[in-house]
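Student: This is what each chain is made of:
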Amino acid sequence: NAGVTQTPKFRVLKTGQSMTLLCAQDMNHEYMYWYRQDPGMGLRLIHYSVGEGTTAKGEVPDGYNVSRLKKQNFLLGLESAAPSQTSVYFCASVLAGGSTDTQYFGPGTRLTVL
Amino acid sequence: DQQVKQNSPSLSVQEGRISILNCDYTNSMFDYFLWYKKYPAEGPTFLISISSIKDKNEDGRFTVFLNKSAKHLSLHIVPSQPGDSAVYFCAASVYGGSQGNLIFGKGTKLSVKP
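Top to bottom, those sequences are chains Y and E. Here this note's numbering = 1-based position in the first sequence + 12. Here this note's numbering = 1-based position in the second sequence + 2.
Worth double-checking, as some hints may not be accurate.
[As the list claims (entries may be wrong)] The calculated DSSO-like cross-link candidates involving lysine-lysine, where the alpha carbons are at most 27 Å apart (straight line), are: (1) K69/Y x K7/E; (2) K7/E x K111/E; (3) K83/Y x K69/Y; (4) K111/E x K21/Y; (5) K70/E x K7/E; (6) K73/E x K7/E.
Keep in mind that the hints were calculated from the coordinates and are not lab data. From a predicted model like this one, the values you see are computed outputs, not experimental measurements.
Model the full assembly from the supplied sequences, consistent with the hints where possible.
Tutor: In structure tokens form, the structure reads like this:
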């Protein structure tokens, strides 16, 4: 099992450009999450999905969109990137989403917006 | 306002000694708590958890203590090893919250010196 993988690992964008971050998991997990981590901050939830075809907003959803067309993939989109979106993005998945289930994290995508 | 607080950004400990990482929370609805460990350029990995019906959970060198009345939990690592050097995040959730959403603290960077 590869676990949770994220593509790309690094990316530099100019303000106003768009991009999509891909998260894939091969553990047949139902729930998937996108977090961002900024220096000196904990992980903050952007969006999450409780199953294929569903998405919901987290703590900091503005400026991002997501899609979960396939159970194993969760995409995070930036339509018009802003410098404030410079961050490290982590994807996570969990088997069933109950709070006692362990979330498994990907290695992260480091995004810089100039 | 932060619901999960880790007030010590860093901690330095000698190898073989005890490391104590602290976490406070404000939301009395939280009843499940987790510690994640993060190495540079990697995603967080689950370390240990505790339910609010317990006041202690032990796993090898790692023990988590929960004081509900004080809304405080701590992670003890005994004995500390250089490989334990990482950032430790405290996280909390509401049991039965079907989304399994976690609220993270800002993290504490632990350095274990040989």
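Student: Within a Cα-Cα threshold of 27 Å, do K69/Y and K7/E meet the stated pairing?
Tutor: Holds, at roughly 23 Å.
Student: Taking 27 Å as the top limit, are the C-alpha atoms of K70/E and K7/E close enough?
Tutor: holds (15 Å)
Student: For the pair supplied as a hint, K83/Y and K69/Y, confirm whether the alpha-carbon distance does not exceed 27 Å.
Tutor: holds (18 Å)
Student: Check the hint pairing K111/E with K21/Y against an upper bound of 27 Å on the C-alpha distance.
Tutor: holds (23 Å)
Student: For the pair supplied as a hint, K7/E and K111/E, confirm whether the alpha-carbon distance does not exceed 27 Å.
Tutor: Since the Cα atoms of K7/E and K111/E sit roughly 14 Å apart, the hinted pair holds (cutoff 27 Å).
Student: Is the Cα-Cα distance between K73/E and K7/E 27 Å or less?
Tutor: holds (11 Å)
Checked against the numbered hints listed earlier, the structure breaks none of them; every hint is satisfied.
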